[in-house]
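Chain by chain, the residues run as shown.
Protein chains: 2
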Amino acid sequence: MRAALAHPCTHFPLEYPYLMTPLTNDLFLRACLRQPVERTPVWMMRQAGRYLPEYRATRAKAGDFLSLCKNPDLACEATLQPVDLVGVDAAILFSDILVIPEAMGMELTFLHGEGPKFPVPIRTTADVIALPVPDPMVELKYVMDAIALVRKNLAGRVPLIGFSGSPWTLATYMVEGGGSKSFSVIKKMLFDNPQALHQLLGKLADAVAAYLNAQIASGVQAVQIFDTWGGVLTTRDYSEFSLDYMQRIIDQLTREHEGRKVPVILYTKGGMGWLEQIAATGCDVVGLDWSIDIDQAKARIGNKVALQGNMDPAMLYATPDRIRAEVRDILTRFGSGDGHIFNLGHGITPDVPVDHARAFIQAVKEESPAFHQQGSLP
Amino acid sequence: MRAALAHPCTHFPLEYPYLMTPLTNDLFLRACLRQPVERTPVWMMRQAGRYLPEYRATRAKAGDFLSLCKNPDLACEATLQPVDLVGVDAAILFSDILVIPEAMGMELTFLHGEGPKFPVPIRTTADVIALPVPDPMVELKYVMDAIALVRKNLAGRVPLIGFSGSPWTLATYMVEGGGSKSFSVIKKMLFDNPQALHQLLGKLADAVAAYLNAQIASGVQAVQIFDTWGGVLTTRDYSEFSLDYMQRIIDQLTREHEGRKVPVILYTKGGMGWLEQIAATGCDVVGLDWSIDIDQAKARIGNKVALQGNMDPAMLYATPDRIRAEVRDILTRFGSGDGHIFNLGHGITPDVPVDHARAFIQAVKEESPAFHQQGSLP
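These protein sequences, in sequence, are chains P and Z.
Just so it is clear: in the first sequence, position 184 is 184 by our numbering, and no numbers are missing.
Just so it is clear: in the second sequence, position 216 is 216 by our numbering, and no numbers are missing.
Because the hints were derived from the structure by calculation, they are not lab data.
Please note: incorrect hints may appear among the correct ones.
[To be verified] In silico BS3-like cross-links for lysine-lysine, where the CA-CA straight-line distance does not exceed 25 Å:
(1) P:K261 - P:K304
(2) P:K141 - P:K61
(3) P:K117 - P:K141
(4) Z:K188 - P:K365
(5) P:K117 - P:K181
(6) Z:K298 - Z:K365
(7) P:K188 - Z:K365
(8) P:K152 - P:K261
(9) Z:K117 - P:K181
(10) Z:K261 - Z:K181
(11) P:K117 - Z:K141
(12) Z:K141 - Z:K203
(13) Z:K181 - P:K181
(14) Z:K117 - Z:K141
(15) Z:K141 - Z:K61
Model the full structure from these sequences, guided by the hints.
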C-alpha cells in the first residue's frame, strides 16, 4: 500500500524493480514515525548472528567473517534468517561497521577469537590526509548487491534496515588498531591533537553519509547509526567528537525514498545522560540501552522522537516465562500510545538459546496489542 | 589537632598506639564532610599500582599479586608509594576487592595477563548456603596488620582510606568465576533464581560490613565501597540487587572513630543516572565517573553529600599542560564552595607516565586554592 505508490526514484527504474514491491508488514516503519500501529513491532540488534545454528552454517560456507560480509548471496542468506526463523518485524542488513575503513584502504583482519584488527592504524595528521574517501557504489558495491538481493527475497514481507557505525565509533577502531578497553590512543589524540581527530571524523562523517545514501538508493527502508563507544566520552567530548558528526551525517541523508520517509535511528550505548541532545539531531528514533527505564526516556524525549529498546539482552538467558514478564513490564512502562519499537538494549549474545529469542519475539507480538488502539487500517 | 583528642576507642589502648598520631594534612577528611578547606584535596583510585616503577619492584619481591596483598610489609610499602612519590592527599590501603571471597574459602588465582579467576564458582543455592562468613580479625588479619603498619609509617601525614567491593560487584566475580563482559551467568541467576542471589548478597553485605568495621577499628579513617559493576544493571535491578545491599552495609558501619567521623564514599561506575538514590543511602561522599559534568552532579546532590571525581583517567595520557587545563575546567565547573575531593573518574591505568600523574596532583594543588575561601584554620 504505502510502498506501492508511483516510483519516485526515476534514476533506478530498471535496475531496481524490487523497489516496487509493496510491504505487507510495515509496523516497524510506522512506529518509527510515531504513526498508529496495531501492535508494537520488534527486532533485535545483531539478530543475524551466532546464536542461530543456520547463521553458523552460512558463515562456515563463507570461510571467514569478512568474506561473508563481501559475499552478497551469503550476506542475503544471513539477513533473511531471523525473519524466517525468529519472526522479527524488520530485517537488518548483514554486514559489519568496519567495512567503511576497509573500503578506505585499511587492511582489516578478523583473527579467530581476537576481534577485528587494523594492523596499520591511523595515528598522525598525515595518516588522516592520506586516507581516501570511498565511492560506496564502487568499493562497497558488494553491500549494494546484497541489499538488492535481500529486497528481492524479502518480497515485501518486512522492511529492511541499513546501518553504519558512527564516525567516533569507527575512529576508535581505526586509531586504536582494534577493540579497546581504555581507548588510550584515540583519547590521547583527542586531547593532544584534536585537529587531526576532527579531520578524521569529518572525513568519516561524509563517507558514512554517502554510504547510507547509497544504501537507501539501493533499497534499505530505514537506517541506524550505531555509536557503540560514544558512552566512553565526557559530556563535552561526546558532543564535540561524536554527536556533532552524527548530526553532520543526518543533515546529508536522503530522508524520503520509494514514496515514503526513511527513518533515521540513532543509538549511543551509555548515552542515556544525553537523550535530549540526541533527540535534537533530527533523527526519528532514539535507541535506548537498558540502563534507563523507558518511561523516563519517554517523559524526556517521547514528544519528539520514537524510542527503540530496551530489554537487557541478558534477559534472554532467563526462562521464557520470565522473558514474557519482562516484556509486559517494559510495555507497561511505555504505556499506551505509539512510537515504540521493541528491541534489546544492545546486541543479542552468541550463546542465547534460539528458543528464548523466539519466545521474546512471540511475547512482544502477543502482549503488545493490548497497549494499542485499533490501528490505522480499517 | 582533630585526631589528637583523647582516644575514644578504649578497647584498643595498647595494641593501636598509632591511633594517637595527629594528622598534619586532613584536607581529605574535611572535604568529605563538606567542611571548609584551603584547597581541594586530591587522590587517585588505583594510585598504588603498576604505573609506578617502585610498585612493580615491590610486586616482584612478593612474587604474585595475591602474595603481595597478603604480605603486610609489602602491602604497606605499596600503600605509601603514591604518598611519597606523587604527593596525594590520602593513602588508600593496597589490597584487592576479592580478598573477601577468598577469605570465605573460595580458591582465587591471578594468572599472568588473565585477571582473577575463581575455578569453583558459586552457582546454586547450596553453594551459597555452604559459604562460610569470615571473621575479618582472623581470616583477614593480614589486612589489619597492613593497616597498622601503614598508620605507623604514615605518621599522620595524610589520612588512610579503607575499602571493599560492593556485594553485587563481588558476586559478579564469584558467580561468573572471573571477569565478564556480558554477565550472563549472574544475570541468569538474578532472573531465574533471585532468592539464591539475594541470599548471597545478604551474606556478602554482612561480611563486608564486618570487614570495613574491622578496618576502621584497625585505623582506616574513611572507607570507600567500589561498585564497579552496578552500572551493568537496569534501574530496577540496580536498586534491588546492588544499592539495597550497599545500604545494608552503611547501616551497620562504625561512623565515628578516634574522635572524628569516618566518612563513607560510595562509587558506582556507570551509575550517574541514579545519583539521587545513591546520595540517599546516608553515605557522606558520592564518587563520580567522568560521564557526567560535575556541576550537574552538584546541582542534583551537592546539598546532601560531597562529590569525589571526576577527570577522565585517559586525560593522564595527555600533556601536562592539557591536564592542567582540564583540572581548571573541572574546578571551575564545581565552582566555589566545599565538598569536593578531586579524583579520576575510575582507576589510573598501568601505562600512564608517572610524570603525568605528578603533574595532575600538582595542578590540583596549585589551581584549587583560588576556588576556596580562607580555610578554617586561623
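Consistency of the hints with the structure:
{"no.": "1", "hint": "P:K261 - P:K304", "in the structure": "16 Å, holds"}
{"no.": "2", "hint": "P:K141 - P:K61", "in the structure": "21 Å, holds"}
{"no.": "3", "hint": "P:K117 - P:K141", "in the structure": "23 Å, holds"}
{"no.": "4", "hint": "Z:K188 - P:K365", "in the structure": "24 Å, holds"}
{"no.": "5", "hint": "P:K117 - P:K181", "in the structure": "14 Å, holds"}
{"no.": "6", "hint": "Z:K298 - Z:K365", "in the structure": "21 Å, holds"}
{"no.": "7", "hint": "P:K188 - Z:K365", "in the structure": "24 Å, holds"}
{"no.": "8", "hint": "P:K152 - P:K261", "in the structure": "20 Å, holds"}
{"no.": "9", "hint": "Z:K117 - P:K181", "in the structure": "19 Å, holds"}
{"no.": "10", "hint": "Z:K261 - Z:K181", "in the structure": "38 Å, violated"}
{"no.": "11", "hint": "P:K117 - Z:K141", "in the structure": "46 Å, violated"}
{"no.": "12", "hint": "Z:K141 - Z:K203", "in the structure": "20 Å, holds"}
{"no.": "13", "hint": "Z:K181 - P:K181", "in the structure": "11 Å, holds"}
{"no.": "14", "hint": "Z:K117 - Z:K141", "in the structure": "23 Å, holds"}
{"no.": "15", "hint": "Z:K141 - Z:K61", "in the structure": "21 Å, holds"}
When each numbered hint is compared with the structure, violations occur for hints 10 and 11.
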